[in-house]
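S.K.: Sequence:
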Amino acid sequence: MKPVDVLKTWIERFNSGDVDGLMELYAEDAVNHQVVTDPLVGRDEIRRMFEIEFSRAEMVCIPEKVHNAGEWAILEWRDPNGLRGCGFFNIVDGKIRFQRGYFDQLTFFRLQGIPVPDEYLGDS
Numbered sequence: 001m002k003p004v005d006v007l008k009t010w011i012e013r014f015n016s017g018d019v020d021g022l023m024e025l026y027a028e029d030a031v032n033h034q035v036v037t038d039p040l041v042g043r044d045e046i047r048r049m050f051e052i053e054f055s056r057a058e059m060v061c062i063p064e065k066v067h068n069a070g071e072w073a074i075l076e077w078r079d080p081n082g083l084r085g086c087g088f089f090n091i092v093d094g095k096i097r098f099q100r101g102y103f104d105q106l107t108f109f110r111l112q113g114i115p116v117p118d119e120y121l122g123d124s
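According to the numbering used here, the sequence shown holds residues 1 to 124 in order.
Please note that a few of the clues may not be correct.
[Stated by the list, open to error] Computed Cβ-Cβ distance ranges for the label pairs, DEER-style:
id : residue 1 : residue 2 : range
1  : Cys61     : Met1      : 14 to 22 Å
2  : Gly82     : Val41     : 15 to 23 Å
3  : Lys2      : Glu64     : 15 to 23 Å
4  : Met23     : Glu71     : 17 to 25 Å
[As the list claims (entries may be wrong)] 27 Å max Cα-Cα, derived DSS-like pairs, lysine-lysine:
id : residue 1 : residue 2
5  : Lys2      : Lys95
6  : Lys65     : Lys95
7  : Lys65     : Lys8
8  : Lys65     : Lys2
9  : Lys95     : Lys8
In case anyone wonders, no lab produced these hints; they're calculated from the structure.
Computed from a predicted model, the values in this text were never measured in an experiment.
Beta carbons are placed, not taken as given, at the ideal position from N, Cα and C, and that holds for glycine.
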């Protein structure tokens, strides 16, 4: 599968909340580094993140642009609430090796009706 095909499968599985299916797309030692967290290393850590996020929010990825750049697939996305972001996926031999995502977590919390954790706002 080409990187862009893996990304399209990732979007389908993400939108159906299919954590097991998503994990099949990641290399065992994959790294998922969202702008709002420290890097998650390995399928177990990545799985835990998806389980937490899918349990607390209704997440939908609407692709706006998908770019193919060799071993990289780049996704510009939005959700039905107006949140926008982008993701960079390094895909080798049909597996996601590295993922980097950018979005505004405070806006995500507010649009989803999730209380903003005190530690998110820092020590005031």
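S.K.: Taking the hints in turn, state whether each one holds.
M.R.: Hints, verified against the model:
no.	hint	result
1	Cys61 x Met1: 14 to 22 Å	holds, 19 Å
2	Gly82 x Val41: 15 to 23 Å	violated, 32 Å
3	Lys2 x Glu64: 15 to 23 Å	holds, 20 Å
4	Met23 x Glu71: 17 to 25 Å	holds, 20 Å
5	Lys2 x Lys95	holds, 10 Å
6	Lys65 x Lys95	holds, 21 Å
7	Lys65 x Lys8	holds, 11 Å
8	Lys65 x Lys2	holds, 16 Å
9	Lys95 x Lys8	holds, 13 Å
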